[in-house]
Amino acid sequence: MTPRFAPGDRVRVCVRDVAHHCRTPHYLRGKRGVVARVLGVFPDPEQLAYHRPGSPHLPLYQVAFDHGEVWAAPQRKTVITADIYQHWLEAID
Amino acid sequence: MTRGVHDMGGLAAGPVDRTEHEMTLFDQRVDAMLRLLVDPAHGHFTIDAVRRAIEALPPDDYLGLTYYERWIRALCRLSIETGLIAEDELQRKLAALARDGGGG
Chain A
0 MTPRFAPGDR VRVCVRDVAH HCRTPHYLRG KRGVVARVLG VFPDPEQLAY
50 HRPGSPHLPL YQVAFDHGEV WAAPQRKTVI TADIYQHWLE AID
Chain B
0 MTRGVHDMGG LAAGPVDRTE HEMTLFDQRV DAMLRLLVDP AHGHFTIDAV
50 RRAIEALPPD DYLGLTYYER WIRALCRLSI ETGLIAEDEL QRKLAALARD
100 GGGG
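If you read the protein sequences in the order shown, they are chains A and B.
Mapping of the first sequence onto numbering that gives the first Met the number 0: position 55 corresponds to residue 54, and the numbering continues sequentially without gaps.
Mapping of the second sequence onto numbering that gives the first Met the number 0: position 84 corresponds to residue 83, and the numbering continues sequentially without gaps.
These are computed hints drawn from the structure, not numbers from a lab.
On a predicted model such as this, the values are computed, not experimentally measured, just so you know.
Virtual Cβ for every residue (Gly too), placed ideally from N, Cα, C.
Any given hint might turn out to be false.
Only some residues are given here: those of chain A computed to face chain B with a beta carbon under 8 Å [claimed, not checked]:
1. P24
2. H25
3. Y26
4. R28
5. P44
6. L47
7. A48
8. H50
9. W70
Build out the structure end to end from the sequences listed, making use of the hints.
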């Protein structure tokens with residue numbers, strides 16, 4: 000699968016209620032960030048976790064979030080980065 | 000929104016305990032077993048399946064077990080799930096160990 004996002008793109012983490020295994024932490028759902036790096040294309044961990052082959056492979060991004068975006072009361076000026084798979088990201092204009 | 004017991008980022012937790020400790024023989028054995036079982040050369044299951052099985056532990060177990068106790072619980076579950084060992088085979092072995100004493 001071709002990466003849909005490039006470094007610098009503004010994205011929002013999907014708010015999705017899933018009962019299965021996923022790698023997207025709860026505290027980042029719905030938060031806005033910026034794509035920092037395209038890390039590559041990897042088997043889908045949400046399928047690998049259940050002995051399925053992980054196809055199609057998914058682009059994985061390092062996404063940077065402002066501390067204030069993630070936590071209600073920002074304690075310091077810093078950036079949080081997390082690895083998020085493409086199907087958990089939506090574009091922000 | 001559903002939030003698994005493992006998915007605790009951002010919850011109040013107090014200071015992080017950064018104390019290092021030696022791995023016990025049990026810890027090392029479980030670590031070795033996991034590495035072998037998830038090795039693609041053997042193809043039994045993936046680290047993603049291990050994460051999923053750990054996350055599926057009952058919350059009291061998840062919070063009460065040590066790190067490697069969670070791992071061994073996941074390895075047991077997945078070894079049965081994939082047919083590597085049978086449930087009754089595991090139970091027989093556990094019963095024998097309880098009777099005769101473990102091999103250390």
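For each hint, the structure was consulted:
Taking 8 Å as the C-beta contact cut-off toward chain B, the hint placing P24 (chain A) at the interface holds, the least distance being around 5 Å. At its closest, the beta carbon of H25 (chain A) sits 5 Å from a beta carbon of chain B; the interface hint therefore holds under the 8 Å criterion. Hint status for Y26 (chain A): holds, given a least beta-carbon distance of 4 Å to chain B, under 8 Å. Hint status for R28 (chain A): holds, given a least beta-carbon distance of 7 Å to chain B, under 8 Å.
Checking P44 (chain A) against chain B by beta carbon gives a least distance of about 4 Å; that is within 8 Å, so the hint holds. A least Cβ separation of about 4 Å between L47 (chain A) and chain B falls short of the 8 Å threshold, and the interface hint therefore holds. At a threshold of 8 Å, the smallest CB-CB gap from A48 (chain A) to chain B is about 4 Å, leaving the interface hint in force. Taken as an interface hint, H50 (chain A) checks out: its beta carbon lies about 6 Å from the nearest beta carbon of chain B, inside 8 Å.
Hint status for W70 (chain A) relative to chain B: holds, with the closest Cβ pair at about 7 Å, below 8 Å.
Of the numbered hints given earlier, the model fails none.
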